[in-house]
Structures are given as C-alpha cells and as structure tokens.
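Novice: Sequence:
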Amino acid sequence: METYSYTATADLPADEAFAFISDAPNLPRFLPQDLAEGWLRADAASRQLAWGTESEGDDCGELHVIDRGPAQCEIAMTVHTRRTDGDQVRTEMAQAVAALTHKAGADADEQREGRQAGWV
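Sequential numbering of the sequence shown, starting at 1, is according to the working numbering.
Among the hints, erroneous ones may be present.
Restricting the straight-line Cα-Cα distance to at most 16 Å, the calculated cross-link-like pairs of lysine to aspartate or glutamate (EDC-like) are [what the hints assert, rightly or not]:
no.	residue 1	residue 2
1	K103	D15
2	K103	D43
3	K103	E37
4	K103	D23
Derived Cβ-Cβ restraints for the label pairs, each shown as a range [what the hints assert, rightly or not]:
no.	residue 1	residue 2	range
5	G105	R41	34 to 42 Å
6	D85	A45	20 to 28 Å
7	E37	A71	35 to 43 Å
8	E2	Q72	17 to 25 Å
9	D87	A45	19 to 27 Å
10	T84	D15	23 to 31 Å
11	D109	R83	14 to 22 Å
12	S46	G69	33 to 41 Å
13	S5	D43	29 to 37 Å
Simulated from the structure, these hints should not be mistaken for laboratory data.
The beta carbon of each residue, even a glycine, is placed where N, CA and C say it ideally should be.
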C-alpha cells in the first residue's frame, strides 16, 4: 500500500474550514466514492477526519486542519491506497483540497454578507 500526502494553505480560519469540510454534504467532494460501506470519524476538537472501509487493505486516509492564524489554516491530507499512479493521486488530492477551500471561502463570504444590513 502506498502513502501519499498533500498540504495546502487556505485563507480561512481553521474552525470555519473544518466545519465546512466535515459537513456531510461536502464530504463527497474529497472522499473516495467507494466509501459507501466505510467509516468516518470526525474529531472537531483536533480538527481531524479519518476515513476508510470495512475491508482490510482498502483505501483510507486522514485530513487535518491546522490553525495558522486568525484567517489562515493549513489542510494536510494523507491517503493510503493500493493505487500506484502517484502523480495522478497527488493531482486529485490537490484538486480536492483546492475545491474544498474555494467553496468554503465562498460560503463564508456569503454568510458574512448576509449578516450585513443594508448597503455599505
């Protein structure tokens, strides 16, 4: 089994990023599609997710959101897989994290705008 890691910085508070990533409707954006009969553990206190399947030897992974300041965090993802196309796996991980952080940032901006009353 191969292990691949990817880390990216996001211009979001760590708590906001983790809340978005760990929200059930957003999980399919980065979790493997074959996780239907798998497990998922979320630990909000440590901002960590772990996932896998019940079958030993199947893909599994972890994601950790690390606080890097009031409006910045780091998203670190590790995937353990039987796939051997490492460049493609890393590309997919980068795309997943980029999509998540982009959508999380857009949602956070919408929520902030919704709280403002009237024209600015």
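Novice: It remains to establish, for every hint, whether it holds in the given structure.
Specialist: Going through the hints against the structure:
no. : hint                   : verdict
1   : K103 x D15             : 15 Å, holds
2   : K103 x D43             : 21 Å, violated
3   : K103 x E37             : 26 Å, violated
4   : K103 x D23             : 12 Å, holds
5   : G105 x R41: 34 to 42 Å : 25 Å, violated
6   : D85 x A45: 20 to 28 Å  : 35 Å, violated
7   : E37 x A71: 35 to 43 Å  : 38 Å, holds
8   : E2 x Q72: 17 to 25 Å   : 30 Å, violated
9   : D87 x A45: 19 to 27 Å  : 35 Å, violated
10  : T84 x D15: 23 to 31 Å  : 36 Å, violated
11  : D109 x R83: 14 to 22 Å : 35 Å, violated
12  : S46 x G69: 33 to 41 Å  : 18 Å, violated
13  : S5 x D43: 29 to 37 Å   : 19 Å, violated
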